[in-house]
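Sequences listed follow chains A, B and C, in order.
Take the first sequence: its letter number 49 is residue 49 in my numbering, and every next letter is one higher.
Take the second sequence: its letter number 290 is residue 290 in my numbering, and every next letter is one higher.
Take the third sequence: its letter number 148 is residue 148 in my numbering, and every next letter is one higher.
Just so you know, these hints were derived from the structure itself, not from any lab.
Predicted, not measured: the structure shown is a model, and the values here were computed from it.
Some hints could be false.
Pulled from the structure, derived: some chain C residues nowhere near chain B, Cβ distances all over 10 Å [unchecked claim]:
| id | residue |
| --- | --- |
| 1 | Q237 |
| 2 | E401 |
| 3 | M498 |
| 4 | L525 |
| 5 | N527 |
| 6 | L529 |
| 7 | S565 |
| 8 | I583 |
Dumping the calculated DSSO-like pairs for lysine-lysine here, alpha-carbon to alpha-carbon at most 27 Å [to be verified]:
| id | chain 1 | residue 1 | chain 2 | residue 2 |
| --- | --- | --- | --- | --- |
| 9 | B | K226 | C | K443 |
| 10 | B | K221 | C | K541 |
| 11 | C | K438 | B | K228 |
| 12 | B | K302 | C | K438 |
| 13 | A | K56 | B | K118 |
| 14 | A | K134 | B | K198 |
| 15 | B | K282 | A | K134 |
| 16 | C | K541 | B | K263 |
| 17 | A | K134 | B | K221 |
| 18 | C | K541 | B | K226 |
| 19 | B | K302 | A | K56 |
| 20 | B | K88 | A | K134 |
| 21 | B | K13 | B | K198 |
| 22 | C | K443 | B | K221 |
| 23 | B | K226 | B | K302 |
| 24 | B | K15 | B | K118 |
| 25 | C | K281 | C | K241 |
| 26 | A | K56 | B | K228 |
| 27 | B | K116 | A | K56 |
Each residue gets a CB set at the ideal place from its N, CA and C atoms; glycine is no exception.
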Amino acid sequence: MSFEPKLVGFLCNWCSYTGADLAGTSRLKIPPNLRAIRVMCSGRVDPSFILTALSKGADGVLVLGCHPGDCHYSEGNYNCQRRLPITKSLVEQMGIDPRRVRLEWVSASEASLFQEVVSEFTEQIRSLGPLELKEFDFDRAAADAQLVHE
Amino acid sequence: MPSSSMSEGMMAKPKLALYWAASCGGCEIAVLDTELKVLEIADFFDIIFWPCALDFKYDDVRAMEDKSITLTLFNGAIRNSENYEIAKLLRQKSVVMCAFGSCASDGGIPALANLKSKEEILQYVYHDSPSTTNPENVRPETAHQVAEGTLRLPEMWNTVRSLGQVVDVDYIIPGCPPQPDQISIVVDAVVDILKNGKPLPPKGTVLGADVRTCCDECDRKKDVKKIKQFVRPHEVVADPEVCLLEQGILCMGPATRAGCGGKCVNAGVPCRGCYGQPANVKDQGAKMASAIGGVLDTDDPKEIEELVATIPDMAGTFYRFSMSESLLRRRQG
Amino acid sequence: MATVKIRIDGQQVEAEEGSFLLPAIQEMGVEIPTLCYYKYATPYAACRMCVVEIWDKRKKNKVVTACNYPIAEGLEVLTHSPRVVAARRTNLEMLMSRCAPMPVLQEMGKKLGIEEPRWGWGTDTCILCGLCVRVCDEIVGARALGFASRGADRYVTTAFDGEADSCILCGACASICPTEHIQLEEADGRKIIHDEVTLGPNSAISVPFRQAVPNVPRIDPEYCIHFRTGGCTVCSQVCPKDCIHYDEQEKTEEIEVGTIVLATGFQDLDPEILKPYGYGKIPNVITAMEFERMNNAAGSTGGKIQLQNGAEPRSIAILHCIGSRDERHHPYCSRVCCMYGLKFAHLVKEKTEAEVYQLYIDLRAFGKGYEEFYQRILSEGVNVIRGKGTEVVRAGRGRAEEGDLLVRCEDTLAGVFREIPVDMVILCTALEAHSDAKETGRKFGVSIGADGWFIERHPKLGPVSTATDGVFLAGVCQGPKDIPDTVAQGGAAAAEAMSLMIRGEVEMDAACAVIDEEKCCGCRLCNDLCAYSAITFDEEKEVSVVNEALCKACGTCVAGCPSGSIKGLHFTDPQIYAEIEGILS
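Using the sequences plus the hints, can you model the full thing?
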């Protein structure tokens, strides 16, 4: 069976979530890999959410917000824009390909852009392969096997 | 349940065990730093295991009844099979197991090794480091055959774990080291519980720390923040009155639990984050990334990249004391 | 000082003892010639035209200069006695023989019956009255001028005849000089008082324009001598009602309101950045706004359309889309230029004989009656050329007879390149958002579009409201529009605001951010994250506080709180973590 990436998307309520909605009502074909979480603003996206998603089995995380200058909350997306590079560089230092985390701007009217971004991101993660976290959970059996006194 | 067993232990003197796993020994010194309190501890408890201070053998502990130790203060991270073995042993023998200090709680400094693999570390230490002379390319063995039998050394792990990841932990006392005044407060509380039958705090409670963050204990004047550039502490003469972050010095204070009394920040050194992540925070580093990201003083993507690039050793700074408990645990790949 | 009684030309008047005679005489309405007297400077009695005949207390009879003769009890004055007139004539004649035939002297000579001095006219234009010296010294305080040499060689000059460092180029000497001997030249980097709207010289104190509200004069501290040197104060001495106070400061008034209508308008694109049109370099290249001022009956020329030299233009070119519909500046259409351009053509045709050229990309006569107006302009003989004006140059020799300037364009209908000779060029500059619109938007929680205009909540369903409840938009600040549209939008904004106010209460969304005071450490990292300024810092408790009425629940601060003390209701961390876990399981 070929690898189907699991992707988590954080979509801002006003632009990207609406854009995704429009993509749906426009009957655009979108890869089913993206699992969307609605947030009111891309500024709400805490890097902890991204790391949590990656640690819980997501192969990639897509953050979508309004275009710069178009934020419903005036400048929430700018905050997102400032946080993402830090997150990506942190993720990279933690040994995960930073391409697995992506920020894009999709407005409420850009259904086809939403389709394009999701398709492209899905393909990119597909080519990067599954994200397998090494030694994430403690392997008790292996640790016990090393013990001599038991 | 710890509480019932604890009151049973009231017959004799309660038994106390202290142990150091992968740690520097600072936590032990911190216990001694409680000054006169240490005499009170010695008086109130029957110290049955404290390798750093008194001569005991592991077999003495193995010989004890399960749950015969009232309280174990366990410091140090779990770095090798020996640390794990004793952690398991002490857990088995203790009523209350306390992760004592940053290493036991969150991995601490030893867990920074999670940014490398075991192989990378051994390669560097035994071959590549400039001060190493190892012409025969010797590597440490964990088992060696001699005439009398097999000599064994503990197995070093690839990933450093916190105590809580390998055994069940009842309480956490954070800090690198836990501050003596905080230790005294915890000791008083323990005495109060054992002597006067005060109820135990719920399992998992962080003891000897505060609900707020380090900023609360910092005397510096805090204003609205806009960071234009990051500097390292030695590169500037910092204004002693003003928040270090506002001066571009990466201070972990905002994302670090209070409890130390703001010792570093009030002495002009940025907070390194030793008291761990605050109560509502899942990942100290990610939270710091979020907080710092919000106050970078530019909207230009290129400038943001450039500014972010000036943060020295991001993972090492953000997870200096909490790598084991971070969401990703270690460097992947 | 005591009031004393004196008699002037037989009439008894009261005057202040010790004050000078000339103002008292002038107050009676008696005309006394003078060249060197200025009420606010120390009298100098240099021109000696104000001589009068007096009898003092001791009945001693003499001829004195009125400007500096102090009043005393019982003084008797004759202002036009034969002796006085004879003295004046002689004095004037002597001035005339020193000076060139200047209008001011000829005028005075006419009144005293002297056409030419007996000794012939001289050549000098300075009468050595020293008024400039006194004004510069006493009023301006610059002390840049003084006399040099003696006797016949005496003249007014600056120190060592050089450029005076202390001169502030206020122009007071030039404006006070009775003979126009002193002329002001524009020096490098030094400003001459000049009004951008009236296109004419302006004084430092003036009513900004006729319809100004409030319609009172204001002092421009950049030009006012008092604000520059601490001297002068002439205007406060002149004002009979004591209305002028130099120490008045601007005040910030705080008014509590429930709704706000933003109607901050636009600014004109600065045409100087469009080098090919030569604005600011080539004379008679003006902006539409400047033309409007000129055409205004209350404007600099009283409504007369004229060139800088006062002549009537023979032809005028009106250049559309200057900075609008231009990728390099503003891609949008400024909407109003086509119609006012046509209006200008009509006005020029009405007031002058000039030939008018309209140079346009597309004519957008979209409103009610607009197309009809366009047709009327066509029938009035205006030359309407489809092609954007690309360049304005000074006409070279040979072409100057037809017009001082040449406008270059490509006539896209005829398919030819054209050079049109004109005397005046009117640039229809783009309407652009105020340079500080972003800051204004931030203050009111209104976003700015890529083109700089404020963004309405919804282009069709919320055209006057904004993302911030209670803040509405009216006029060009939301996008270019003409007066009818602006009035309509203003009315709508006012009605929307009223409908909120009449209800008297506001319904809030339950979603908002809340700060746990117990956990907040007062690091203030969240303070600047809020675009609505909903987060303030409580200095006393040392914690940050969310104003729930302002919070829009975007959650930016929730993400940014390093201690996890801010909770975003309806989108809490645990809720989102549960979602992440749920969708990945």
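Here's how the hints hold up against the structure:
{"no.": "1", "hint": "Q237", "verdict": "holds (48 Å)"}
{"no.": "2", "hint": "E401", "verdict": "holds (55 Å)"}
{"no.": "3", "hint": "M498", "verdict": "holds (36 Å)"}
{"no.": "4", "hint": "L525", "verdict": "violated (5 Å)"}
{"no.": "5", "hint": "N527", "verdict": "violated (5 Å)"}
{"no.": "6", "hint": "L529", "verdict": "violated (5 Å)"}
{"no.": "7", "hint": "S565", "verdict": "violated (7 Å)"}
{"no.": "8", "hint": "I583", "verdict": "holds (17 Å)"}
{"no.": "9", "hint": "B:K226 x C:K443", "verdict": "holds (18 Å)"}
{"no.": "10", "hint": "B:K221 x C:K541", "verdict": "holds (14 Å)"}
{"no.": "11", "hint": "C:K438 x B:K228", "verdict": "holds (20 Å)"}
{"no.": "12", "hint": "B:K302 x C:K438", "verdict": "holds (21 Å)"}
{"no.": "13", "hint": "A:K56 x B:K118", "verdict": "holds (25 Å)"}
{"no.": "14", "hint": "A:K134 x B:K198", "verdict": "violated (43 Å)"}
{"no.": "15", "hint": "B:K282 x A:K134", "verdict": "holds (20 Å)"}
{"no.": "16", "hint": "C:K541 x B:K263", "verdict": "holds (22 Å)"}
{"no.": "17", "hint": "A:K134 x B:K221", "verdict": "violated (43 Å)"}
{"no.": "18", "hint": "C:K541 x B:K226", "verdict": "holds (23 Å)"}
{"no.": "19", "hint": "B:K302 x A:K56", "verdict": "violated (31 Å)"}
{"no.": "20", "hint": "B:K88 x A:K134", "verdict": "holds (23 Å)"}
{"no.": "21", "hint": "B:K13 x B:K198", "verdict": "holds (17 Å)"}
{"no.": "22", "hint": "C:K443 x B:K221", "verdict": "holds (26 Å)"}
{"no.": "23", "hint": "B:K226 x B:K302", "verdict": "holds (17 Å)"}
{"no.": "24", "hint": "B:K15 x B:K118", "verdict": "violated (37 Å)"}
{"no.": "25", "hint": "C:K281 x C:K241", "verdict": "violated (44 Å)"}
{"no.": "26", "hint": "A:K56 x B:K228", "verdict": "violated (35 Å)"}
{"no.": "27", "hint": "B:K116 x A:K56", "verdict": "holds (22 Å)"}
When each numbered hint is compared with the structure, violations occur for hints 4, 5, 6, 7, 14, 17, 19, 24, 25 and 26.
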